[in-house]
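Trainee: Chains as they are written, first to last, in full-length UniProt numbering: chain U, 1 to 317; chain V, 1 to 285.
Calculated directly from the structure, the hints in this document are not laboratory data. A portion of the hints provided could be inaccurate.
Output of the computed footprint for chain V on chain U, the stretches with three or more beta carbons under 8 Å from beta carbons of chain V [as the list claims (entries may be wrong)]: (1) 42-55; (2) 73-80; (3) 96-103.
The beta carbon of each residue, even a glycine, is placed where N, CA and C say it ideally should be.
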Amino acid sequence: MKDFPYSESKDTRSGFGAGLLELGRTNPNVVALCADLVGSLKMGDFIKEFPERFFQVGIAEANMIGLAAGMTIGGKIPFTGTFANFSTGRVYDQIRQSVAYSSKNVKICASHAGLTLGEDGATHQILEDIGMMKMLPHMTVINPCDFNQTKAATIAIADHQGPVYLRFGRPVVPNFTPADQKFEIGKAVMLNEGKDVTIIATGHLVWKAILAGKLLAEQGIDAEIINIHTIKPLDTEAILASVSKTRCVVTAEEHQFNGGLGESVARLLAQQLPLPLELVGVDDSFGESGTPEQLMEKYGLNEQSIVAAVQRVMARK
Amino acid sequence: MNPFNYDTEQLLNVAHQVRRDIVRMVHAVNSGHPGGSLGCTEFLVSLYFKQMTHKPEFDMNGVGEDLFFLSNGHISPVWYSTLARAGYFDPKELATFRKLNSRLQGHPATEENLPGIRIASGSLGQGPSVAIGAAQVKKLNGDDKLVYVLTGDGELEEGQVWEAAMYAAHHKVDNFIWTVDYNGQQIDGPVDAVMSLGNLRAKFEAFGWKVLGCENGNDFAQLLPVLDEAKALSGQGQPICILMNTQMGFGVDFMMGSHKWHGVAPNDAQLQEALLQLKETLNDY
């Protein structure tokens, strides 16, 4: 098992803020909108340096999505910022018609996704957003794993023509992705090569997968760990190549089973390589208040859950 | 500068033909929305043949052009016909309206790259937000042209339009003219019976808008001066709203003033009766 050194833990939302600031300096067409959450989205540095390219919308997310769609007409690249819940479920029809169906170059940037939002509880802990967004034709869905990868993803999506959903979160997590690692949309990142099982993780669960890999190594299990930061389009080639070798797979994500990464992988395998699959995710349930760590444990989204899933799936080989 | 800059007689000629196109289009597929389309014919014809600086060659970004967004996308027949008659595409293509593999979808869409359409609409209430975004980008780009949006009046029951109304006033989006097709009708009946809008002028004024009225939006003599006045009021720190009274179904006597023709196509006999009332001025497609 490879080592993944890191010097500090940071929140992925700060990676977004840092990426947005850099885009402000390098791409004059980038504009930003926010629905009364500039602090939470870490947009302050961009706003300070580029006040004329920032649009405060107030607590009116539907309007924000429409405004962003309109701002593409004339050549701008709008980045919208609010919580993941208000970025998706609240404005699904606006995204569907004005952004996705209209193929507008809008980047929907969503923080505080999933259970790791913590104490605010289920009203804010969206676990359905990946599903909603991946169902939309034309939409690209990205869920990076740490600060550096979120920063790189933020910068990369500005060069991608078309709507993108970029999902990140609130908690600090080890920042292990090399700062100079190129972000390629739709390209899986091979973290650890192994032969016994493939663990496919996205977002905050990538670090949990690394921790699980270490625990598994102690049991003599050699896990291949893949970071799928782009859920749509899915890197089917990388997944099939890995599973062809390991002959079983576990997916891990901070999302419902329904509509998530695991479901996409299940479809791929069922059609092209039917081999045992186990999923780590939330089983048709809302979250609740608690600390992120407590919630990840209670809802089965920590490294122990991944280890248990690996044991189950390997027994089915 | 408008590429046509027609006088009233020429505008009337276009309007007659657009109305013929509308009833023929919806009749041919036995579906679509003739009522609001007929009611907004003078408005659309005025924009494209008199008011707006625009290029029928069509460029999505529309830099240096006035832009029009149709929020109440169900009245697509009047927009398609007006665009075709203004040279955006061949009027013959109107015959494909609502048919399989057509660029003329039931509701306007960009998916098939129909010239003149910049955003999909149909699900109501989204157009003002989109148009305001486009207007703000015009300012960012140093483009002094205007952005127009048309909504229905029943459409104002959607909450998003009031988010947009609040936003445009707060951000002083003064290169933006929002016209409300104030025909008092919606699918389930008169707006006042379904969900009263109350004092609409006072509502917009309270939101910080300049509000103009048009007593009869089916009369070019009344509509054109209001459109001129709206343009003259731009650039003064406030967004502009026109409450435009129209009659749903205007121009076809048996369709006029009733919500019953909101989304119903005429049958063969009704089509003939309608066409007798509408002079063919620019050759039927």
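Trainee: Please go over all the hints and tell whether each is borne out by the structure.
Mentor: Taking the hints in turn, this is what the structure says about them:
1. Here the segment 42-55 of chain U counts 3 residues with a CB under 8 Å from a CB of chain V, which clears the bar of 3, and the coverage holds.
2. Restraint check on the segment 73-80 of chain U versus chain V: 5 residues with Cβ-Cβ distances below 8 Å, three needed, restraint holds.
3. Coverage of the segment 96-103 of chain U by chain V holds in this model, with 6 residues showing a Cβ closer than 8 Å to a Cβ of that chain against a need of three.
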